Amino acid sequence: MSSVNLTNIVKRFGSFTAVHRTSLEIPEGAFVTLLGPSGCGKTTTLRMIAGLLDPTEGEISIGGKRMNDVPIHRRNLGLVFQNYALFPHKTVAENVAFGLKYRAVTKADIERRVNDALELVQLPQVGERYPKALSGGQQQRIALARAIVIEPDVLLLDEPLSALDANLREDMRVELKRIQDRIGVTTVFVTHDQSEALAMSDRIVVMSDGRVEQVGPPEEVYNTPASEFVANFLGASNILTARCIERTGDSVVLDVPLFGKLPIPVAKAPNLTHEGPAKLVLRAEKLLVAAEGSSRDGAVSVDATIETVDYQGQAVRYFLRAGDTQLQAINMIDEHPFAEGEAVSLHVRPQDCAALPEG
Amino acid sequence: MGWNLIRLWSILVYGFMFLPVAVVVLLSFNASEFGTFPMSGFSFRWFIELANNEAILRAFRTSIALGLMTAAISTTLGVLASLALVRYRVPGANMISTLLIAPILVPEVVLAVALLLFLNFLNINKSFVLLLAGHVIFTLPFVILVVQARLVSIRRDVEEAAMSLGASPVQTFFQVTLPLMLPAVLAGALFAFTISFDDITGTLFWKPGGVETVPTQIFAMLRNSISPEINALGTVMIMMTAGLPLIGMAVARQVARKRGE
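So the sequences go chain by chain: A and B. Numbering-wise, the numbering used here puts 214 at position 214 of the first sequence, and it's gapless, one number per residue. Converting from the second sequence to the numbering used here requires adding 359 to each position, the first position being numbered 1.
Careful: at least some of the hints might be erroneous.
Said to hold, decoys possible - Beyond 12 Å from chain B on every Cβ pair, some chain A residues (computed):
1) Gly58
2) Asn271
3) Ile333
To be verified - List time: in silico DSS-like cross-link candidates among lysine-lysine, alpha-carbon distance up to 27 Å:
4) Lys101/A - Lys90/A
5) Lys90/A - Lys65/A
6) Lys107/A - Lys617/B
7) Lys90/A - Lys485/B
8) Lys132/A - Lys90/A
9) Lys617/B - Lys101/A
10) Lys617/B - Lys132/A
11) Lys177/A - Lys132/A
12) Lys107/A - Lys132/A
13) Lys107/A - Lys90/A
14) Lys65/A - Lys101/A
15) Lys566/B - Lys485/B
Calculated directly from the structure, the hints in this document are not laboratory data. This one's a predicted model, so the numbers in the text were calculated from it and none came from an experiment. Built from N, CA and C at the ideal position, the CB exists for glycine as well.
Build the full structure now, drawing on both the sequences and the hints.
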């Protein structure tokens with residue numbers, strides 16, 4: 001188990017810069033997720049930590065030791081891929097034992113550790129089978145067993161759940177987190193799936209276009225996005241043009257054309273240091289859609305019309321129009337959703353909003 | 360009606376292709392000295408004579424040695440070339456690939472004469488090594504085509520997984536890459552062996568005096584007479600060049616089944 005430190009790393013492919021100058025500290029035992037859309041540099045960053053790519057500039061250290069010139073096979077890492085990457089010509093037990101053969105482990109110990117690892121991923125019976133005979137989810141568990149049986153300093157997971165079916169993916173998510181908690185290994189997880197990131201991480205690193213947009217615990221990244229990109233990427237948000245007109249000790253007052261003056265708690269606007277143009281971030285699930293003419297304590301209300309209804313079972317997503325502004329809202333429902341074309345009232349509590357500086 | 364015509368036509372085409380071969384095989388068991396129908400009796404006589412013909416046995420040994428060496432060298436070079444072309448970024452990879460495949464496209468006679476002239480130019484005499492070199496040049500493209508196609512389908516992340524687990528690049532090759540491309544490597548080796556074993560055009564140009572391979576020996580024997588021994592030899596050749604790949608395929612299928620592919 002080790003910490004991972006990236007110091008001023010840059011990765012260029014020819015004239016294309018895949019990762020701009022980035023520094024990142026991953027503490028020992030943490031579960032850190034690199035989250036972003038495809039092409040944001042998250043996999044490139046993971047591959048640099050793994051030693052599959054050399055950074056163009058900067059330093060990578062694991063457990064305090066500089067790793068730049070250490071080849072992948074001497075880094076003692078566990079690596080899990082999207083497509084499992086099991087050895088098709090070896091049995092499951094041989095797959096799991098593979099890494100132990102390159103370490104000073106006795107035959108009896110290999111057998112014991114392989115069994116323990118298969119036990120840990122809850123597949124103790126499949127050792128003699130070939131990977132092809134297993135389902136996708138089972139193969140990924142074997143891949144995980146193979147990666148952790150060597151007791152790696154760092155576990156690197158490259159979209160390990162993306163190839164699985166939706167239901168299985170959620171089970172595996174829980175399973176993966178359980179195993180990581182149990183062995184406590186420092187883990188770097190790459191995904192484009194925000195719900196995976198939010199559910200599993202101690203800390204999320206949101207990346208876009210080769211740059212780190214925000215680093216923080218899931219709740220912080222979700223509730224206090226540091227940029228418009230983060231606000232849009234994690235969940236659905238309404239971003240409205242506003243003006244910061246006043247900063248007091250504990251709140252920032254935004255003037256939003258649609259809602260009027262909203263006092264936002266300072267904690268929700270950490271980057272808004274100046275008065276002037278700003279953005280209001282309003283999460284779709286914080287925008288309450290209610291019957292026309294209703295009101296809510298401590299909330300600002302406006303009238304709107306429902307344009308589209310996207311029914312999702314326990315929740316519903318509305319696309320609304322309030323004056324010239326288009327908004328979206330995701331609300332839990334217990335009976336019937338509002339119908340298309342219906343006139344409604346929207347309620348917004350200022351403390352549910354966040355604010356960003358313009359640009 | 361239409362389908363029956365097509366069926367008939369197919370039978371005719373196959374008959375045209377394989378009947379002459381069948382006749383050779385059949386006549387090799389003919390007891391009579393003359394290749395005429397009806398056959399006068401069934402006999403292994405010509406095979407026994409074959410086994411006692413020192414010249415043919417020598418040619419056989421030469422062909423097998425040449426074929427095995429060609430297969431070994433071509434396969435090794437072909438695997439290395441494929442690895443370089445598929446797994447590493449080599450400047451001018453397309454050009455190199457084309458040049459390596461080119462011997463298939465050049466008529467064999469031209470290739471044969473060209474190599475001979477080239478060695479004349481260098482003042483190098485004909486030798487067994489030259490013959491071997493010629494066969495390697497001629498069989499290498501087949502190995503590369505087969506192995507490259509397989510290598511492309513082996514996912515990079517399997518090799519990366521092996522390395523992350525502590526295997527050095529060389530260990531990764533022998534533990535993961537080679538076993539996964541083994542069917543193609545064996546197929547390439549079989550190709551190289553059978554092509555070398557069958558080859559006559561190039562061999563006639565390149566072989567040094569006194570060295571005969573089975574095809575050149577048959578060719579020489581045909582100049583004197585049509586002996587039933589030649590039929591027997593032809594049958595043995597067919598068994599080897601058709602039988603080996605069939606056995607190879609059967610083995611490959613068996614291995615694949617075991618892995619549940």
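In rising order, the numbers of the hints this structure does not comply with = Numbers 5, 7 - these are the hints that the structure violates, sorted from lowest upward.
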